[in-house]
Amino acid sequence: MLPTYQDGSKYFVNRIAYLWREPQRGDVISIRMAGIHEMYLKRIIGLPGETVAFVNGRVLINGEVLDEPYEKLPCDWNLPPEKLGPDQYFVVGDNRSMPSQDHYFGKMDRDRIVGKIIR
Amino acid sequence: MKNVPSFILLAALAALGVWLWFVLSPSPERIIRQRLAKLARTASFSSGEGKLARLAAAEDIAGYFATNVEVDINVPGRVQHTLVGRAEIQQAALGARERLSGLKVQFPDINITVAPDKQSAVADLTVVVNIAGERDSIVQEMKFTFQKTDDGWLIARVETVRTLSSAILRFALHRAPFIVTG
Chain U
112 MLPTYQDGSK YFVNRIAYLW REPQRGDVIS IRMAGIHEMY LKRIIGLPGE
162 TVAFVNGRVL INGEVLDEPY EKLPCDWNLP PEKLGPDQYF VVGDNRSMPS
212 QDHYFGKMDR DRIVGKIIR
Chain R
2 MKNVPSFILL AALAALGVWL WFVLSPSPER IIRQRLAKLA RTASFSSGEG
52 KLARLAAAED IAGYFATNVE VDINVPGRVQ HTLVGRAEIQ QAALGARERL
102 SGLKVQFPDI NITVAPDKQS AVADLTVVVN IAGERDSIVQ EMKFTFQKTD
152 DGWLIARVET VRTLSSAILR FALHRAPFIV TG
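As given, the protein sequences belong to chains U and R, one line each in that order.
So the number in our numbering is just where the residue sits in the first sequence, counting from 1, plus 111.
So the number in our numbering is just where the residue sits in the second sequence, counting from 1, plus 1.
Calculated from the structure, these hints are not laboratory results.
C-beta: ideal position from N, C-alpha, C; glycine also.
Any given hint could be a false lead.
What the hints assert, rightly or not - Quick partial rundown of chain U residues pointing at chain R, CB under 7 Å, derived from the structure:
id, residue
1, Met144
2, Ala145
3, His148
4, Leu152
5, Ala164
Stated by the list, open to error - No more than 27 Å apart at the CA atoms, straight line, and that leaves these computed lysine-lysine pairs for DSS-like:
id, chain 1, residue 1, chain 2, residue 2
6, U, Lys218, R, Lys144
7, R, Lys39, R, Lys119
8, R, Lys144, R, Lys105
9, R, Lys119, R, Lys52
10, U, Lys121, R, Lys39
11, R, Lys39, R, Lys105
As the list claims (entries may be wrong) - Computed footprint of chain U on chain R, listed as stretches where at least three residues anywhere in the stretch have a Cβ under 8 Å from a Cβ of chain U:
id, stretch
12, 6-14
13, 83-94
Chain U extracted, bound-state conformation:
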């Protein structure tokens, strides 16, 4: 999640953030694997039902370019449009300067969201 979040740093997770409202685009969330001892830290860019694509490093949501002020590093990714299901979010890290094959990102189910990162 560089440059927004540094490696080796500790952050708190608000586990009740999504009890009364749904996750929003731009939220940085923690995503569980088999449990909550090891989690991913990613940013939501796509919401349920939307179509997400990357064209020359720019994110397209339903064909429209997404404004990403937090994105500081150069990116040249290309990803064909992916339609999200009714309970799916598209998440990606902020460090997109590496080849897309080396970056772990993509669609995920709502029930994997543990909470929102507090800065």
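Knowing the structure of chain U, use the given hints to seat chain R on it.
Frame of chain U; chain R shown alone:
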């Protein structure tokens, strides 16, 4: 009032019986958790291991798996590895012990679902691997399928779970650019 000590004794005996029953006939879930903990300990090693110790450990590790086991590991950017059968597991374990100066394996989260017939079970777990000399850990969600056999609960299949999925990742895995052998 005269019977009170007898009641206490009976209650204590009943509690002892329940405790013994749990200890002597553990549930499949408990057995599988214990096996996974032992597997993690056996797979972990530090430098200075002798050749005989390496061979014994590799054989021990293979013993946790069924003879026809299939292991399919895909960690993007790190490892793609497919193994079939105990012999390949043993070779891979031995290769890792010869090549690396240390390894620590942990399963910090384990969810076990036992089939209704209690003959098979699935463990959805997170694997954390620390290689000596490397700063970053390998962290991956995996699915282990266990089968009950005459030799106890053995691992019959190991698969990578895609916590996140994308077309690029699927393409990358299909193309298999990252292959670690041995």
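Item to complete: Go through the numbered hints given earlier and state which of them the structure violates, listing their numbers in rising order.
Response: 4, 5, 9, 10, 12 and 13
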